[in-house]
Structures are given as structure tokens and as C-alpha cells.
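S.K.: Using the sequences plus the hints, can you model the full thing?
Residue numbers (this note's numbering), protein chains in the order written: chain A, 1 to 406; chain B, 407 to 525.
Read the hints as simulated data drawn from the structure, not as lab findings. Note that the structure is predicted; figures quoted are calculated from it, not measured. Glycine is no exception: its CB is placed at the ideal position from the N, C-alpha and C atoms. One or more hints might be untrue.
Stretch-level coverage of chain B by chain A, calculated; a stretch enters the list once three of its residues show a Cβ under 8 Å from a Cβ in chain A [as the list claims (entries may be wrong)]:
1. 435 to 442
2. 499 to 507
Each pair of labels, with its calculated beta carbon distance range [as the list claims (entries may be wrong)]:
3. B:Pro439 x A:Glu297: 41 to 47 Å
4. B:Leu440 x A:Glu297: 37 to 43 Å
5. B:Glu478 x A:Glu147: 54 to 60 Å
6. A:His122 x B:Glu478: 35 to 41 Å
7. B:Glu428 x A:Arg370: 29 to 35 Å
8. A:Ala9 x B:Asp493: 42 to 48 Å
9. A:Arg134 x B:Pro439: 24 to 30 Å
10. A:Gly251 x B:Leu508: 38 to 44 Å
11. B:Asp493 x A:Trp258: 56 to 62 Å
12. A:Arg16 x B:Ala499: 30 to 36 Å
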Amino acid sequence: MIDVRAVRADFPILERKVDGKQLVYLDSGATSQKPRQVIEAVARFYQEHNANVHRGLYQLAAAATDLYEGARAKVARFIGAAPEEVVFTHGTTEALNLVAYSLGEARVKGGDEIVVTVMEHHANLIPWQVLARRKGAKLVPVGITPEGELDLAELADRVTGRAKVVAVTHVSNVLGTINPIPEIAELAHRVGAVLVVDAAQSVPHLPVDVRELGADLVAFSGHKMLGPTGIGVLWGRRELLEELPPFLTGGEMIREVWLERATWNEVPYKFEAGTPPIAQAIGLGVAVDYLSSLGMEEVRRHDLRLAARALEGLLARDYVSVYGPPAPEARGGVVAFNLRGVHPHDVATLLDQEGIAIRAGHHCAQPLHRLLDIPASCRASFYLYNTQEEVDAFLAALDRVWKVLG
Amino acid sequence: MSPYEEVILEHWRNPRNKGRLEAPDVDVVEANPLCGDVVRVQLKVRDGRVEDVRFDGRGCAISQAAASLLTEMIKGKPLCELKGWGDEVLLSALGGVIKTRLNCVLLPLRALRKGLSSR
Ligand SMILES: Cc1ncc(COP(=O)(O)O)c(C=O)c1O
Numbered sequence: 001m002i003d004v005r006a007v008r009a010d011f012p013i014l015e016r017k018v019d020g021k022q023l024v025y026l027d028s029g030a031t032s033q034k035p036r037q038v039i040e041a042v043a044r045f046y047q048e049h050n051a052n053v054h055r056g057l058y059q060l061a062a063a064a065t066d067l068y069e070g071a072r073a074k075v076a077r078f079i080g081a082a083p084e085e086v087v088f089t090h091g092t093t094e095a096l097n098l099v100a101y102s103l104g105e106a107r108v109k110g111g112d113e114i115v116v117t118v119m120e121h122h123a124n125l126i127p128w129q130v131l132a133r134r135k136g137a138k139l140v141p142v143g144i145t146p147e148g149e150l151d152l153a154e155l156a157d158r159v160t161g162r163a164k165v166v167a168v169t170h171v172s173n174v175l176g177t178i179n180p181i182p183e184i185a186e187l188a189h190r191v192g193a194v195l196v197v198d199a200a201q202s203v204p205h206l207p208v209d210v211r212e213l214g215a216d217l218v219a220f221s222g223h224k225m226l227g228p229t230g231i232g233v234l235w236g237r238r239e240l241l242e243e244l245p246p247f248l249t250g251g252e253m254i255r256e257v258w259l260e261r262a263t264w265n266e267v268p269y270k271f272e273a274g275t276p277p278i279a280q281a282i283g284l285g286v287a288v289d290y291l292s293s294l295g296m297e298e299v300r301r302h303d304l305r306l307a308a309r310a311l312e313g314l315l316a317r318d319y320v321s322v323y324g325p326p327a328p329e330a331r332g333g334v335v336a337f338n339l340r341g342v343h344p345h346d347v348a349t350l351l352d353q354e355g356i357a358i359r360a361g362h363h364c365a366q367p368l369h370r371l372l373d374i375p376a377s378c379r380a381s382f383y384l385y386n387t388q389e390e391v392d393a394f395l396a397a398l399d400r401v402w403k404v405l406g
Numbered sequence: 407m408s409p410y411e412e413v414i415l416e417h418w419r420n421p422r423n424k425g426r427l428e429a430p431d432v433d434v435v436e437a438n439p440l441c442g443d444v445v446r447v448q449l450k451v452r453d454g455r456v457e458d459v460r461f462d463g464r465g466c467a468i469s470q471a472a473a474s475l476l477t478e479m480i481k482g483k484p485l486c487e488l489k490g491w492g493d494e495v496l497l498s499a500l501g502g503v504i505k506t507r508l509n510c511v512l513l514p515l516r517a518l519r520k521g522l523s524s525r
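M.R.: Here it is in C-alpha cells:
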């Protein structure tokens, strides 16, 4: 079991007050807080090792390169991958744009189909819309069941021989739904389609082994898993990464350059044009160390306990509607809800006055909110530093909001 | 809860001038697409003054309460005076506001300005 008291002592921000109230941070789905270890590793890099990577012939540059590549190796081990399959990007969004561009160039022609789901974050939707328009391909959406699960029967129907790409989120950032990626991989691979998985909400919260997932390309962000902002990961099967053309071009990603043409560097460097986010990658490596030392199974168990308590409390209040599967095991650590007749922004503002930070809005998932027929929703999300007492404080505060606005 | 909210809550619970006018001289709708707030403002104008006013809409308590308060503030006022109103007129009537919610407060004022711009 996670020792929450000890964990909390590693997160300096959790000590701060908001308007004199103790901060209760329930928005880790948007970005996680950072432990001292990560903050210090980033500072230490700038104080002791700062140099550009893969370029300098002096010792400082060699040390910086070792630290950067060391971070890649840690991330690779964390997800069960080989280091050369781990591409550093600036985040999930950039990784998915890279994939949509490069995969689009390599595999998608006019008349082909790209299968997406209605629960996608805009980051795993808009790049595919743009690709479809660019290539004259067709975007094929898959819906959800009334329980908020992906409609697998519909998915099986939609993934036909015309499908070149299936793009799906591992865990919905609104519904919390955990999608059965291995099953979806089978459907995709049966017709020769590439499976792209948005793992922004899963890698931080669940034990994820990319080989077991069975996907071809997987994207996630460092800042949602205790790491710095500005660093993300694209994992890809090696043969596929080798087949795909580069996305961004310039320095680092080349082998030889003439005035009229160039040849590409090997993977993963082919996809890392320009100076990478070095300090951020190193910080992510330390974040991964932190998560590994606790154990992702334990992190999951902790999230689950909190989400289950929150779900139970929300479902027991008749003025609350909860979106997504009612069973906590079917979800990641996010719970979206609304108070009857009350705008989510009012809920968030009133909770904020008690020091409780939740998210309210469309959570970059407008098509899903349109489908649910709501302009916006509230979302509480939990992580390894949250406590049962915080969940209870949140639920009690909701009752006060309801009293004021209901 | 902070004091400005009493004004907001009071107007949210008991909105003033809510509804529709028959044959209004000014009829405008303004929305915040990001949060789904919508406010409609209707005016009856006589001798260059706001003779009557109604608002309607849906959305958060702050936008709807601000709309209600605004209707009280503008009734009887000459249009030329309203055209000169800055944001602070409404903000100070609300007794201050949280900066994360400025867009909600100013939605009805934006609607009013849009309606007056053609007159
Ligand atoms: C499911 C999902 N996909 C993609 C993203 C985008 O991540 P980032 O903003 O770090 O690129 C997020 C984060 O908001 C997310 O929750």
C-alpha cells in the first residue's frame, strides 16, 4: 500500500494554501503535481550538466547526452520497450500530430478510412480530421454504449478492409472508461490497419506494457505522470518507425545533407529534429523512477480506492449525474459529473473558494459532450498523493454548493 | 462565501426583467461558445432612453445574475450614456469579481454593446 503521508511530503506544492485554505488538488488528469526529486533533477541539470546533446565533443556535452539517453532507457523500461523505439516529443499532442502526418504519408490514400471514437480528446481527433482532408480519406467515428463504454460491436463493423488507421484512447479523460486495447488491436490487425493509442491518461495511472497492449503506436505526456511540461513520448514498433517518414525536419534528424537533398538519421533520432527538451526528458526519467519505486500496481490500487469512494459518494447524491461506467474497476482515476441545473463553472468556482481544485469545461472533448447533450461537465481526478479525506472534503463541499445554487 | 456573491446569488435566485418584450427596438443574442452561456437582451427605446428591458438566457449563475443586474442598471438610462460604459461599471456594481470568471460577467455587457452599436 502507498504511504500517502510519505508521498505527500515529497510534493512541496501540496503544502500551499489557497485564500488561506489548504489546497486540495483534484485535477491531476489535466496535469500532475511534481515531486521534489523531479524539480531538483531539472534544477541540477541546469546547474551542473547543461549542454546540448549529441553534438559537443567536450565532457559536459557527453554527460548531458548520457543523462538524456539514460532518461530514454528508463522510459523504455517503464513501458516494456526498447530504447530505440522511444521517441521524445513535446507531449501527447505533438506525438499524435507526428503520427497522423507520417503515417498519413506512408499509408493513407484517397478513399481510405480512418477509424476514431467519439470519446477522443481533440488531440487524437483533429490531426486525423486534417489528414483525412489532406488525403481525401474518410473519418469513420465509433460511438459509445449508454454505460459509457466503447461500442465494440460497432467498432468491429467499422474496422473493414478500407481502414488504414484505428485511433483510440486507452483511457477516456472524461468518462474514465478503460478501453480493451488488446481486443481492438486484434480487430485492427485482422484488416492490416495500424492501431494508434492515446495513452495520456493510462501510462500515468495503470501498469502499461506496450507489447501486451498490442498497439503499433502509443503516445503519452510527461507532465501528467509527475514529470515536467514540454516532454512527451511516442512509442512505436521499430519496423513501423523505420518505415515512416520524418515529421519535423532540420538538425539532429539527418545523417548526410547536400544542398538539394538529405538522408535521415536512424530511429528514434529521425523523429527528433532540433534541440530536444533535454532537462525535461531527464526530469521525466526521474518521475519514472519515482513511479517505479512505488510500483504501478500500487499506484493503480490507490487511484482505484479514491475513485471508488468518489463514485460511491457521487452516485448516492440524487442531485448529481455521473458520466461513464458506474463500476470503478472499469475506469481510470477520473470522474466526470454535473449537479442538476447548475453550470459546471459555478461548481468549480465555489469549490475553488474552499481550496478544492477540480476541472470544469468540455475537457477538450466537445464531440463527446455534444453526444451527452451537455455544454460542459465537472471532473475530479485523483493521483497517488490524494487522500480519502480529500475525497470526503470534496463530497461535503459539493453538498454546500448544492445548497447555495441548487 | 465572499460578499460579491450575495449580489450574484440574489439575482440568480430572483432574476429581474427576465422574459421577452413584444416588438423590441433592440434584440441581441451573445454567447460564450466555450462554456455554452447564452444571453439575450431586448430593449424598448423611447426618446433616446431605455424605456423597458428584458433578458433571457441560460448558463452559469454569474452570467445570468450579471444579466439580471445589468437590466436594472440600464432601465431609464439614455443610450448615449450606456454607449460610454466601460466594464468597470458592471464589475463595481457586482462588488468585484474573480478573474477566472470575467468572461461570464461581461457576456451581458457584450450583448448590450452589440445591440447599441447599430443605433
Ligand atoms: C486523453 C488525452 N489525450 C491527449 C491529451 C493531450 O496531452 P498534452 O496536452 O500533454 O499534449 C490529454 C491531456 O489533456 C488527454 O487527457
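S.K.: Look at each hint and say if it fits the structure.
M.R.: Right, here's what the structure says about each hint:
| no. | hint | verdict |
| --- | --- | --- |
| 1 | 435 to 442 | holds (count 3) |
| 2 | 499 to 507 | holds (count 3) |
| 3 | B:Pro439 x A:Glu297: 41 to 47 Å | holds, 42 Å |
| 4 | B:Leu440 x A:Glu297: 37 to 43 Å | holds, 39 Å |
| 5 | B:Glu478 x A:Glu147: 54 to 60 Å | violated, 46 Å |
| 6 | A:His122 x B:Glu478: 35 to 41 Å | holds, 40 Å |
| 7 | B:Glu428 x A:Arg370: 29 to 35 Å | holds, 34 Å |
| 8 | A:Ala9 x B:Asp493: 42 to 48 Å | holds, 44 Å |
| 9 | A:Arg134 x B:Pro439: 24 to 30 Å | holds, 26 Å |
| 10 | A:Gly251 x B:Leu508: 38 to 44 Å | holds, 43 Å |
| 11 | B:Asp493 x A:Trp258: 56 to 62 Å | holds, 59 Å |
| 12 | A:Arg16 x B:Ala499: 30 to 36 Å | holds, 33 Å |
Checked against the numbered hints listed earlier, the structure breaks hint 5 alone; every other hint is satisfied.
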